[in-house]
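Could you build the full structure based on these sequences and the hints that come with them?
Residue numbers (the numbering used here), protein chains in the order written: chain D, 1 to 134; chain P, 1 to 134; chain Z, 1 to 134.
None of these hints come from the bench; they were simulated from the model.
Computed from a predicted structure; not experimentally measured.
Among these hints, one or two may not hold up.
With a Cα cut of at most 25 Å, we get these calculated SDA-like pairs of lysine to any residue [stated by the list, open to error]:
no., chain 1, residue 1, chain 2, residue 2
1, Z, K134, P, E109
2, Z, K134, P, G75
3, D, K134, Z, A112
4, P, K134, D, E109
5, Z, K134, P, G113
6, P, K134, P, N110
Among the chain P residues that face chain D by a calculated CB cut under 7 Å, a handful are [stated by the list, open to error]:
no., residue
7, Q54
8, G57
9, M68
10, V103
11, G106
By construction, the Cβ of each residue, glycine as well, lies at the ideal position given by its N, Cα and C atoms.
For reference, the chains in residue letters:
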Amino acid sequence: MPLVRIDVNHGRTAEQLQRLSRGIHDAILAEYAIPERDYFHILTEHPQGQIVAQDAGLGFERTPDVVMIQIFTQGGRSQAAKQSLFAAIADRLAELDVAGEDVFIGYVENAAGDWSFGFGRAQYVTGELAVPRK
Amino acid sequence: MPLVRIDVNHGRTAEQLQRLSRGIHDAILAEYAIPERDYFHILTEHPQGQIVAQDAGLGFERTPDVVMIQIFTQGGRSQAAKQSLFAAIADRLAELDVAGEDVFIGYVENAAGDWSFGFGRAQYVTGELAVPRK
Amino acid sequence: MPLVRIDVNHGRTAEQLQRLSRGIHDAILAEYAIPERDYFHILTEHPQGQIVAQDAGLGFERTPDVVMIQIFTQGGRSQAAKQSLFAAIADRLAELDVAGEDVFIGYVENAAGDWSFGFGRAQYVTGELAVPRK
Chain D
1 MPLVRIDVNH
11 GRTAEQLQRL
21 SRGIHDAILA
31 EYAIPERDYF
41 HILTEHPQGQ
51 IVAQDAGLGF
61 ERTPDVVMIQ
71 IFTQGGRSQA
81 AKQSLFAAIA
91 DRLAELDVAG
101 EDVFIGYVEN
111 AAGDWSFGFG
121 RAQYVTGELA
131 VPRK
Chain P
1 MPLVRIDVNH
11 GRTAEQLQRL
21 SRGIHDAILA
31 EYAIPERDYF
41 HILTEHPQGQ
51 IVAQDAGLGF
61 ERTPDVVMIQ
71 IFTQGGRSQA
81 AKQSLFAAIA
91 DRLAELDVAG
101 EDVFIGYVEN
111 AAGDWSFGFG
121 RAQYVTGELA
131 VPRK
Chain Z
1 MPLVRIDVNH
11 GRTAEQLQRL
21 SRGIHDAILA
31 EYAIPERDYF
41 HILTEHPQGQ
51 IVAQDAGLGF
61 ERTPDVVMIQ
71 IFTQGGRSQA
81 AKQSLFAAIA
91 DRLAELDVAG
101 EDVFIGYVEN
111 AAGDWSFGFG
121 RAQYVTGELA
131 VPRK
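Take a look at the structure:
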């Protein structure tokens with residue numbers, strides 16, 4: 001169920017983009033114990049200048065390699081679980097040479113009943129899918 | 001008020017995209033009884049490979065025609081109402097030859113006061129617009 | 001922390017887009033008293049026809065200059081604060097010749113702990129950043 005929007009500047013190859021997405025998914029799999037095929041990403045490339053991502057006052061500079069990640073998923077997980085996820089995402093992206101400075105994450109919660117994976121059915125409500133533990 | 005983000009792969013004509021959007025809007029009109037002109041969609045086309053949408057373990061395959069739908073609207077509607085909406089969207093898209101396998105929906109709730117339709121005014125709070133019944 | 005998605009039709013220059021983004025950010029700075037560098041925007045240009053934005057029944061017409069703004073930020077601010085923000089955004093955009101009819105805003109709330117500005121850390125939780133007052 002997480003739906004992940006990933007926004008980046010133009011400049012990566014298709015294979016690099018695919019690895020970026022895969023790295024984020026692997027972090028979610030490892031931390032949230034969701035099914036392997038619970039994989040829903042929307043990646044959008046932007047011309048330079050259309051992503052603005054400063055440092056919120058933390059005192060660092062980002063590069064054009066910045067990766068803007070927005071995660072939509074069911075609520076209920078603990079703050080600690082979210083923080084583990086954020087760290088795992090940064091770790092996986094570090095393996096792909098994305099600097100810690102370039103990993104921005106926002107998280108938005110909804111409910112299991114807010115998802116339909118196909119056929120207009122809400123599979124967490126119908127029981128076709130088990131709701132992931134929180 | 002629903003703001004609907006629709007993400008698809010490149011490959012449909014402008015007319016097909018317009019019908020897709022219209023079908024989703026017609027489903028919302030029919031199910032939620034909102035005003036006809038309460039129509040706010042943002043459609044984005046993507047190069048192949050930039051939308052990842054597996055099956056969450058349900059056991060089916062999607063096609064490149066997959067339609068990723070994200071609905072932002074006021075909270076308060078019942079689970080049954082949401083499920084009717086999901087089904088209606090899939091039904092309308094089926095009429096446009098979008099397979100049930102290719103309809104992904106995520107739903108995010110906010111409040112009526114979280115919307116401004118123009119002029120920097122929150123028209124559901126000022127009373128310029130009636131808040132849709134839930 | 002606000003993450004702002006801005007969707008517009010093709011047709012503005014890079015400089016015009018940059019001023020649009022800056023105007024929205026200046027409104028947020030003025031109204032929410034966040035740090036100057038708490039600036040996170042994702043701007044996406046669309047071919048004509050891929051943004052649908054009618055009037056919700058209010059009785060006006062939009063132009064192709066329409067600016068779709070979606071603000072993701074921590075919950076807890078008052079309705080009055082949000083309405084001041086909406087008005088300030090419209091005022092700033094008016095200075096850039098964006099008509100009031102063309103300013104659409106949706107607002108989605110999460111929590112301070114739902115953000116990571118870099119390094120996989122949740123800086124509002126670790127204390128590296130002060131949570132903006134509400």
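(request) Sort out which numbered hints this structure fails and list those numbers smallest first. (result) none
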